[in-house]
Amino acid sequence: MQTYERTHLRNRHSQTLVMRSVRNTERVYKNSVAKQVQEIEKKKPGDFMAFRHLVRGENYRKSFQETGDAENSVWSCGISMALIDDIPSCQDLIETIVKDAEEIISKKLAGTIKSKL
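Residue numbers for the sequence shown follow numbering that gives the first Met the number 0, beginning at 0 and rising by one.
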């Protein structure tokens with residue numbers, strides 16, 4: 000999974016659309032496999048069988064669960080991928096959430112509730 004995390008951070012704006020020619024558009028991470036799908040779609044628009052071997056779920060599963068290689072499959076990503084600035088540890092994430100909540104409570108809600116903070 001760390002390979003995917005590093006890939007997201009380095010290439011957070013590297014997204015593209017595939018399977019448009021078969022009216023099943025999907026936003027995916029832009030890698031060599033996604034580019035192959037796009038090239039095949041240009042040559043054979045609407046012919047799903049021509050690129051099926053590249054977009055099959057088994058490739059995706061192997062990439063995520065076995066190899067960790069972000070370049071060996073087409074994998075979905077949303078627009079929110081561009082919002083990723085870092086990937087903190089669970090502990091750091093929880094500490095930040097608690098700190099932010101305490102700050103909001105003490106500064107913005109201090110007059111509305113009684114707190115033991």
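These aren't lab readings, by the way, just hints derived from the structure by calculation.
From a predicted model like this one, the values you see are computed outputs, not experimental measurements.
Among the hints, a few may not be true.
No more than 25 Å apart at the CA atoms, straight line, and that leaves these computed lysine-lysine pairs for BS3-like [unchecked claim]:
| id | residue 1 | residue 2 |
| --- | --- | --- |
| 1 | Lys-42 | Lys-29 |
| 2 | Lys-61 | Lys-98 |
| 3 | Lys-29 | Lys-43 |
Status of the hints after comparison with the structure:
1. Lys-42 to Lys-29: 19 Å, holds
2. Lys-61 to Lys-98: 38 Å, violated
3. Lys-29 to Lys-43: Since the Cα atoms of Lys-29 and Lys-43 sit roughly 20 Å apart, the hinted pair holds (cutoff 25 Å).
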